[in-house]
Amino acid sequence: MSNAYILAAAALATTALSAQAEIEIGGSASVEGRYFLQDALYPGQPRSQVSLALEPEFYTQWNSGDDSLLVKPYARLDQRDSNRTHVDMREFQWLHVADEWESRVGVGKVFWGQTESLHLVDIINQTDTVDQFDGEEKLGQPMVNFTTYGDWGTVSAFVLPYFRERTFSGQDGRLRPGLPIENDRAVYESDSEQRHIDYALRYQNSMGQWELGLSYFNGTTREPELQVNFEDNLNAHIFPYYAQIEQVGLDVLKVQGAWLLKFEGIYRSGQSEDFGAAVLGFERTTVGIFDTNYDLGLLMEYQYDERENNFFAIGQNDLMFGARWTLNDIDGTELLAGYIQDLDNTDTYSGFVEASSRMTDNWRWKLDAYFFSSDVPGTLNTIRRDDHLQVTLEYFF
Amino acid sequence: MNYVKKISLIWFAGLLAISTGIQAKDDAVEKGLEIAKERKARDTGWDNSVANMTMILRNAQGQEATREMRVSSLEMQDDGDKALTVFDSPRDVAGTAFLSFSHAMEPDEQWIYLPAIKRVKRIASRNKSGPFMSSEFAFEDMTSFEVEKFSYEFLREDKYNGEKVFVIEQTPEDEFSGYSKQIVWIDQEHYRVRKVEFFDRKNDPLKTLEFEDYQAHEVNGKQFWRPYRSYMYNLQTGKSTELSTNSLEFGQELDESDFDKNSLRRAR
Numbered sequence: 001m002s003n004a005y006i007l008a009a010a011a012l013a014t015t016a017l018s019a020q021a022e023i024e025i026g027g028s029a030s031v032e033g034r035y036f037l038q039d040a041l042y043p044g045q046p047r048s049q050v051s052l053a054l055e056p057e058f059y060t061q062w063n064s065g066d067d068s069l070l071v072k073p074y075a076r077l078d079q080r081d082s083n084r085t086h087v088d089m090r091e092f093q094w095l096h097v098a099d100e101w102e103s104r105v106g107v108g109k110v111f112w113g114q115t116e117s118l119h120l121v122d123i124i125n126q127t128d129t130v131d132q133f134d135g136e137e138k139l140g141q142p143m144v145n146f147t148t149y150g151d152w153g154t155v156s157a158f159v160l161p162y163f164r165e166r167t168f169s170g171q172d173g174r175l176r177p178g179l180p181i182e183n184d185r186a187v188y189e190s191d192s193e194q195r196h197i198d199y200a201l202r203y204q205n206s207m208g209q210w211e212l213g214l215s216y217f218n219g220t221t222r223e224p225e226l227q228v229n230f231e232d233n234l235n236a237h238i239f240p241y242y243a244q245i246e247q248v249g250l251d252v253l254k255v256q257g258a259w260l261l262k263f264e265g266i267y268r269s270g271q272s273e274d275f276g277a278a279v280l281g282f283e284r285t286t287v288g289i290f291d292t293n294y295d296l297g298l299l300m301e302y303q304y305d306e307r308e309n310n311f312f313a314i315g316q317n318d319l320m321f322g323a324r325w326t327l328n329d330i331d332g333t334e335l336l337a338g339y340i341q342d343l344d345n346t347d348t349y350s351g352f353v354e355a356s357s358r359m360t361d362n363w364r365w366k367l368d369a370y371f372f373s374s375d376v377p378g379t380l381n382t383i384r385r386d387d388h389l390q391v392t393l394e395y396f397f
Numbered sequence: 001m002n003y004v005k006k007i008s009l010i011w012f013a014g015l016l017a018i019s020t021g022i023q024a025k026d027d028a029v030e031k032g033l034e035i036a037k038e039r040k041a042r043d044t045g046w047d048n049s050v051a052n053m054t055m056i057l058r059n060a061q062g063q064e065a066t067r068e069m070r071v072s073s074l075e076m077q078d079d080g081d082k083a084l085t086v087f088d089s090p091r092d093v094a095g096t097a098f099l100s101f102s103h104a105m106e107p108d109e110q111w112i113y114l115p116a117i118k119r120v121k122r123i124a125s126r127n128k129s130g131p132f133m134s135s136e137f138a139f140e141d142m143t144s145f146e147v148e149k150f151s152y153e154f155l156r157e158d159k160y161n162g163e164k165v166f167v168i169e170q171t172p173e174d175e176f177s178g179y180s181k182q183i184v185w186i187d188q189e190h191y192r193v194r195k196v197e198f199f200d201r202k203n204d205p206l207k208t209l210e211f212e213d214y215q216a217h218e219v220n221g222k223q224f225w226r227p228y229r230s231y232m233y234n235l236q237t238g239k240s241t242e243l244s245t246n247s248l249e250f251g252q253e254l255d256e257s258d259f260d261k262n263s264l265r266r267a268r
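Chains A and B supply the protein sequences, listed in that same order. In terms of this note's numbering, the first sequence is residues 1 to 397. In terms of this note's numbering, the second sequence is residues 1 to 268.
None of these hints come from the bench; they were simulated from the model. These numbers come from a predicted model, not from an experiment. One or more hints might be untrue.
Claimed, not checked - Computed beta-carbon distance windows for the label pairs:
1. N220/B with V391/A: 55 to 61 Å
2. Q236/B with Q171/A: 56 to 62 Å
3. N161/B with A75/A: 53 to 59 Å
4. Q61/B with D274/A: 58 to 64 Å
5. Q236/B with D274/A: 46 to 52 Å
6. N161/B with Y339/A: 40 to 46 Å
7. R42/B with V87/A: 18 to 24 Å
8. Q223/B with E136/A: 37 to 43 Å
Claimed, not checked - Heads up, simulated BS3-like pairs for lysine-lysine below, C-alpha to C-alpha not over 27 Å straight-line:
9. K261/B with K37/B
10. K195/B with K37/B
11. K31/B with K181/B
12. K109/A with K261/B
13. K222/B with K31/B
14. K25/B with K261/B
15. K366/A with K121/B
16. K222/B with K164/B
17. K366/A with K118/B
18. K109/A with K366/A
19. K25/B with K195/B
20. K31/B with K159/B
21. K25/B with K222/B
22. K254/A with K261/B
23. K254/A with K121/B
24. K164/B with K31/B
25. K109/A with K222/B
26. K109/A with K40/B
27. K40/B with K159/B
28. K164/B with K195/B
29. K195/B with K181/B
30. K118/B with K254/A
31. K37/B with K121/B
32. K118/B with K261/B
As the list claims (entries may be wrong) - To list a few chain B residues with every Cβ distance to chain A over 10 Å, as calculated:
33. W111
34. D187
35. V196
Idealized CB from N, CA, C, for every residue including glycine.
Chain A with its partners taken away, still in its complex shape:
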């Protein structure tokens, strides 16, 4: 999204909001430090980087709450990587609620799915990988959304008029392949490029101990294929290719006592190969473990993907083990650790730890650690020296 677009949106937001009497303001600001445990694999990459992020939130409602406007701009400033320094409109959404339907118009964020280690079904928003490597951070998606619901469930239809390109580390950033992925040279299958209009449809329902979601997407793939241009040997570069795809998805959750059984599966056609992919697993939580106040959740998920050579399809035949430890203390301390083993190659694995706790009512610390290992060509191999610790102090207002 261009800066001009964001400025215009911000100006519009200010005008729209100042017309309203009551504006709730909230949000967060954070300072983050990353330290890489090994020397960089590629020239020019830093050993550490410091960055600042700001995400204010403005909210107002009218018509006794039937209409509301949420505006959530976002900015990150990174000491090293100019690609990581970026602004975005995470949300700029007018929501209208009626008895049996609701509409959302503007820039928004939508999550679909049930599993933890991979979000296959979730496709509306583009991933902001440069912002957070775990893939949970998303770019705002322009949309017109209409949702209707009843005893039979919820049906949601989306028209997505503008495409957001995935973000990638630049020349001066870690967590990238040997050559940076050059967004400026992105190639699209559609002549309309980013202005191609995408569509999506979703049905979802809760039935007793079951949660069911069915989805369909038609448009520009959120997950590009990487291609290398060797034409000019001195300036060889990697660029993302965004094909037109169709994707159907199914996500299911079953509550089985203390167990949550989870499944997500997709079938996608339109890219260089048509393929299926799935994640299947469980989460089992024990409360008050060992006579303490702590909860311990154990997770296991199996990842399958038919594709052999896609940079982003890491979970081809992989197994994730995880543990979620919740202290249930005043500070809301929690810890999530995970380990993902490639079943095709014992030396290919990755791991992560995410811990956080409150220091005061407004301040929270976070400690994230990521580890990668692989000695065969592939995605993890390109970032095998990018093990890092990330410390974040976040202020909520």
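We have chain A; now place chain B onto it with these hints.
Just chain B now, kept in the frame of chain A:
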């Protein structure tokens, strides 16, 4: 002859004593159930309500934290109630919302909405004994009272803060409850719960809950009593939670569509 007679007399007396004991027990069960039914009957017909609440958490070291939340509740006929709780503080969890459908006999259904990632997550309801928002209240303490959730035994009549009360013991029917039993003090005039003692699965005293500052609300010509302050104290850890009601309104024109996953997703 005399000897035989004497034996049978003793035997008969013993039998009588036992059967009287059984009879007494049956009566206590019957009376306990009647009190529980009356408690429920007195609290039926309130329809829906919206409350602003403050929760103060205290640990044994004296650390204190305040949580603000809004709770919408919907009474369901022939089923447990529905509730939607939205947290306003601390700021890092502001906007987090919790939806629960309690049921008398089937497992409760619960979802949590995490606004930062726009995700609705189902919660395994068997974990009902886990703490609600790090407080001394368990999830199961926050769900509605349903007669079928317990079996009862009337213990005695007593006085509590000068008021005449019934003291009954209630045993959770759900094997996944965190409690082996609860002793409940219910006032005889309005059938309001005044105090509860909770016993853990090992039958050791675990927590006490006291209700204070009951206020009457009139809904459709019937009076409903709500405690504006409740105080839960954990005897084993020294931690406590105080829950106060800042405002409470009935008749908010809520219906089931205000208590589904769509409403959870747009709660704030």
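The hints, checked one at a time:
A hinted range of 55 to 61 Å holds for the C-beta pair N220/B and V391/A, which are about 57 Å apart. Evaluation of the 56 to 62 Å hint for Q236/B and Q171/A yields a pass: the beta carbon distance comes to about 58 Å. Range check, N161/B to A75/A: about 57 Å between beta-carbon atoms, so the 53 to 59 Å window is met. Checked against the given bound of 58 to 64 Å, the beta carbons of Q61/B and D274/A, roughly 60 Å apart, stay inside it.
In this structure, Q236/B and D274/A break the distance hint of 46 to 52 Å, their C-beta atoms being roughly 59 Å apart. For the hinted restraint 40 to 46 Å between N161/B and Y339/A, the CB-CB distance of approximately 56 Å leaves it violated. Our hint of 18 to 24 Å for R42/B and V87/A is violated, since their Cβ atoms are close to 58 Å apart. The supplied range of 37 to 43 Å is broken by Q223/B and E136/A, whose beta-carbon atoms lie about 49 Å from each other.
For the suggested pair K261/B and K37/B, the alpha carbons sit about 32 Å apart, so the restraint of at most 27 Å is broken. Restraint check for K195/B and K37/B: satisfied, since their Cα atoms lie roughly 18 Å apart, inside the 27 Å limit. For the hint pairing K31/B with K181/B, the CA-to-CA distance comes to about 17 Å; that is within 27 Å, so the pair holds. As the CA atoms of K109/A and K261/B are separated by approximately 16 Å, the hinted pair is consistent with the 27 Å bound.
For the hint pairing K222/B with K31/B, the CA-to-CA distance comes to about 25 Å; that is within 27 Å, so the pair holds. A C-alpha spacing of about 45 Å is found between K25/B and K261/B, which places the hinted pair above 27 Å, so the restraint is violated. Taken as a hint, the K366/A and K121/B pair is honoured in the structure, with Cα atoms around 22 Å apart against an allowance of 27 Å. A distance of roughly 22 Å separates the Cα atoms of K222/B and K164/B; the hinted pair therefore holds under the 27 Å criterion.
Between K366/A and K118/B the CA atoms are separated by roughly 20 Å; this keeps the pair inside 27 Å, and the hint holds. Taking the CA atoms of K109/A and K366/A, the gap is near 23 Å; set against the 27 Å cutoff, the hint holds. A C-alpha spacing of about 23 Å is found between K25/B and K195/B, which places the hinted pair at or below 27 Å, so the restraint holds. Straight-line distance between C-alpha atoms of K31/B and K159/B comes to about 18 Å, which keeps the hinted pair within the 27 Å bound.
This hinted pair does not check out: K25/B and K222/B have alpha carbons roughly 34 Å apart, beyond 27 Å. For the hint pairing K254/A with K261/B, the CA-to-CA distance comes to about 16 Å; that is within 27 Å, so the pair holds. For the hint pairing K254/A with K121/B, the CA-to-CA distance comes to about 12 Å; that is within 27 Å, so the pair holds. Note on K164/B and K31/B: the hinted pairing holds, with a Cα-Cα distance of about 16 Å set against a maximum of 27 Å.
Our distance criterion of 27 Å between C-alpha atoms is broken by K109/A and K222/B, whose separation comes to about 45 Å. A distance of roughly 43 Å separates the Cα atoms of K109/A and K40/B; the hinted pair therefore is violated under the 27 Å criterion. A distance of roughly 21 Å separates the Cα atoms of K40/B and K159/B; the hinted pair therefore holds under the 27 Å criterion. Between K164/B and K195/B, the direct Cα distance comes to roughly 13 Å. Compliance with the 27 Å bound is thereby established for this hinted pair.
A distance of roughly 14 Å separates the Cα atoms of K195/B and K181/B; the hinted pair therefore holds under the 27 Å criterion. Annotation: proposed proximity of K118/B to K254/A holds, straight-line Cα distance about 20 Å (limit 27 Å). Taken as a hint, the K37/B and K121/B pair is broken in the structure, with Cα atoms around 35 Å apart against an allowance of 27 Å. Pair hint K118/B plus K261/B holds up; C-alpha atoms about 12 Å apart against a cutoff of 27 Å.
For W111/B, the non-interface assignment is contradicted: its Cβ lies about 8 Å from the closest Cβ of chain A, within the 10 Å cut-off. Every C-beta of chain A lies more than 10 Å from that of D187/B, the closest at about 32 Å, which supports listing it as non-interface. Chain A leaves V196/B outside its interface by the beta-carbon criterion, the shortest separation being 19 Å against a cut-off of 10 Å.
Hint violations for this structure: numbers 5, 6, 7, 8, 9, 14, 21, 25, 26, 31, 33, all remaining hints satisfied.
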